[in-house]
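Counting in this note's numbering, the sequence shown runs from 1 upward without gaps.
In case anyone wonders, no lab produced these hints; they're calculated from the structure. Take the hints with a grain of salt, since some may be wrong.
Simulated crosslink set (BS3-like; lysine-lysine; CA at most 27 Å straight-line) [claimed, not checked]:
# : residue 1 : residue 2
1 : Lys31     : Lys54
2 : Lys169    : Lys213
3 : Lys21     : Lys31
4 : Lys181    : Lys213
5 : Lys21     : Lys54
Just the calculated beta-carbon pair ranges, DEER-fashion [stated by the list, open to error]:
#  : residue 1 : residue 2 : range
6  : Arg16     : Ser89     : 48 to 54 Å
7  : Leu81     : Phe35     : 16 to 22 Å
8  : Leu55     : Thr80     : 23 to 29 Å
9  : Phe35     : Thr207    : 28 to 34 Å
10 : Arg13     : Ser280    : 41 to 47 Å
11 : Ser89     : Lys213    : 34 to 40 Å
12 : Glu30     : Ala79     : 18 to 24 Å
13 : Lys31     : Gln170    : 45 to 51 Å
14 : Leu81     : Arg60     : 49 to 55 Å
15 : Pro177    : Val227    : 22 to 28 Å
16 : Thr121    : Glu30     : 20 to 26 Å
17 : Phe35     : Leu229    : 46 to 52 Å
18 : Thr80     : Lys213    : 17 to 23 Å
19 : Ala59     : Asp192    : 54 to 60 Å
Where is the CB? At the ideal position from N, CA and C, for every residue including glycine.
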Amino acid sequence: MTPLRQALSDYLRIRRALGFKLVSDQRQLEKFVGFLEQAAEERITTELAVMWAKLPVDARPDRWRQRLGIVRGFARYVATLDPTSEVPSEDLLPAYRPRVAPYIYSPAEITALMGAAGQLTPPLRAAGYRTVIGLMATTGLRLGEAVALDRQDVDLADGALHVRARQHKQREVPLHPTTTKALRDYARTRDDRWPEPQSPAFFLNTTGRRLSKSEFNHRFAKLICQVGLEGAGERIRPRPHDLRHTMAVRTLLDWHSAGQDVDRRMPELSTFLGHTDPESTYWYMEAVPELMTLISRRLQQVPEVLP
Numbered sequence: 001m002t003p004l005r006q007a008l009s010d011y012l013r014i015r016r017a018l019g020f021k022l023v024s025d026q027r028q029l030e031k032f033v034g035f036l037e038q039a040a041e042e043r044i045t046t047e048l049a050v051m052w053a054k055l056p057v058d059a060r061p062d063r064w065r066q067r068l069g070i071v072r073g074f075a076r077y078v079a080t081l082d083p084t085s086e087v088p089s090e091d092l093l094p095a096y097r098p099r100v101a102p103y104i105y106s107p108a109e110i111t112a113l114m115g116a117a118g119q120l121t122p123p124l125r126a127a128g129y130r131t132v133i134g135l136m137a138t139t140g141l142r143l144g145e146a147v148a149l150d151r152q153d154v155d156l157a158d159g160a161l162h163v164r165a166r167q168h169k170q171r172e173v174p175l176h177p178t179t180t181k182a183l184r185d186y187a188r189t190r191d192d193r194w195p196e197p198q199s200p201a202f203f204l205n206t207t208g209r210r211l212s213k214s215e216f217n218h219r220f221a222k223l224i225c226q227v228g229l230e231g232a233g234e235r236i237r238p239r240p241h242d243l244r245h246t247m248a249v250r251t252l253l254d255w256h257s258a259g260q261d262v263d264r265r266m267p268e269l270s271t272f273l274g275h276t277d278p279e280s281t282y283w284y285m286e287a288v289p290e291l292m293t294l295i296s297r298r299l300q301q302v303p304e305v306l307p
């Protein structure tokens with residue numbers, strides 16, 4: 001057994017003692033060691049590690065990065081035994097996850113979805129799905145943020161939400177009076193069905209528990225089919241998250257159409273949506289052709305300033 005083969009055997013044994021199964025990792029690392037042996041190389045080098053990781057030339061870059069990550073873990077162990085062995089850097093083969101352009105719902109499509117949701121049974125389910133769809137469309141909440149709302153987070157008196165977002169971030173979201181009324185109507189239906197609920201959740205399912213993302217997504221997909229909506233490009237159908245995208249895009253379009261300074265107002269939208277990085281908000285300008293066309297027209301209206 002070669003030193004690298006022995007090191008691999010020991011590495012797998014140690015990791016498995018910690019509870020890792022490593023079935024796929026073992027197969028990949030055995031192929032990697034075999035690749036080194038064919039190259040007559042007795043130590044791990046960054047060059048050979050990257051070369052092996054990119055062997056499936058038609059694979060996605062994410063797949064290359066995954067293969068290199070498997071090698072990196074093994075290389076760290078080998079480096080403790082052989083100081084001449086190299087450990088591939090973390091910044092090699094960065095992840096590549098292209099963002100799919102969002103589906104932008106028309107007002108008529110949102111109305112149709114809410115109408116279909118309102119026909120669900122029993123009444124609590126109808127009220128819940130209709131209200132969540134409307135809430136996401138008007139406030140840009142993420143689905144997870146909407147279903148995570150507790151009663152204490154919804155201020156129906158002042159018309160505001162206390163949103164607990166990702167990474168323990170929190171923000172206050174003001175509500176339009178019509179949205180506040182819709183939430184109040186839902187709360188009345190909910191309390192009629194569950195006057196003494198066991199869950200603190202604002203949105204309850206038919207069993208009195210918190211409405212979950214998975215059950216909402218499942219029924220939302222059926223509503224999408226029911227109203228005849230079809231997505232474009234790679235996606236089969238629009239998602240609930242696209243309601244958030246729609247709110248952001250419509251806000252930007254309204255600002256542009258009104259001739260407002262979008263750059264100055266962009267921080268408002270970033271804060272409202274809970275974006276920690278403003279670039280996440282600027283992405284909408286690139287993702288939606290309608291926005292880019294409008295921006296282009298406005299730039300053409302600005303007289304050129306010659307030096």
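Hints versus structure:
For the hint pairing Lys31 with Lys54, the CA-to-CA distance comes to about 13 Å; that is within 27 Å, so the pair holds. Our distance criterion of 27 Å between C-alpha atoms is met by Lys169 and Lys213, whose separation comes to about 19 Å. A threshold of 27 Å between alpha carbons decides the hint, and for Lys21 with Lys31 the separation of about 18 Å falls inside it, so the pair holds. Of the supplied pair hints, the one linking Lys181 and Lys213 holds, its CA atoms being roughly 24 Å apart against a limit of 27 Å.
Taking the CA atoms of Lys21 and Lys54, the gap is about 25 Å. The hint holds against a cut of 27 Å. Remark: the range hint 48 to 54 Å for Arg16 to Ser89 is contradicted by a beta-carbon distance near 27 Å. Range check, Leu81 to Phe35: Cβ separation about 19 Å, and the 16 to 22 Å hint holds. At roughly 27 Å, the beta carbons of Leu55 and Thr80 sit within the given window of 23 to 29 Å.
Take Phe35 and Thr207: their Cβ atoms lie about 54 Å apart, and the range 28 to 34 Å is violated. Arg13 and Ser280 have their C-beta atoms about 44 Å apart, which keeps the hinted 41 to 47 Å range intact. A C-beta distance of roughly 36 Å is found between Ser89 and Lys213, which places it inside the suggested range of 34 to 40 Å. Between Glu30 and Ala79 the C-beta distance comes to about 19 Å, which sits within the given range of 18 to 24 Å.
For Lys31 paired with Gln170, a C-beta distance near 47 Å keeps the hint of 45 to 51 Å intact. A hinted range of 49 to 55 Å is violated for the C-beta pair Leu81 and Arg60, which are about 33 Å apart. A hinted range of 22 to 28 Å holds for the C-beta pair Pro177 and Val227, which are about 27 Å apart. Taking 20 to 26 Å as the suggested C-beta distance range, the pair Thr121 and Glu30 does not conform, at roughly 56 Å.
For Phe35 paired with Leu229, a C-beta distance near 48 Å keeps the hint of 46 to 52 Å intact. Distance hint for Thr80 and Lys213: a CB-CB separation of about 43 Å, inconsistent with the stated range 17 to 23 Å. Look at Ala59 against Asp192: about 55 Å separates their beta carbons, and that is inside 54 to 60 Å.
Against the hints set out earlier in the document, violations occur for numbers 6, 9, 14, 16 and 18.
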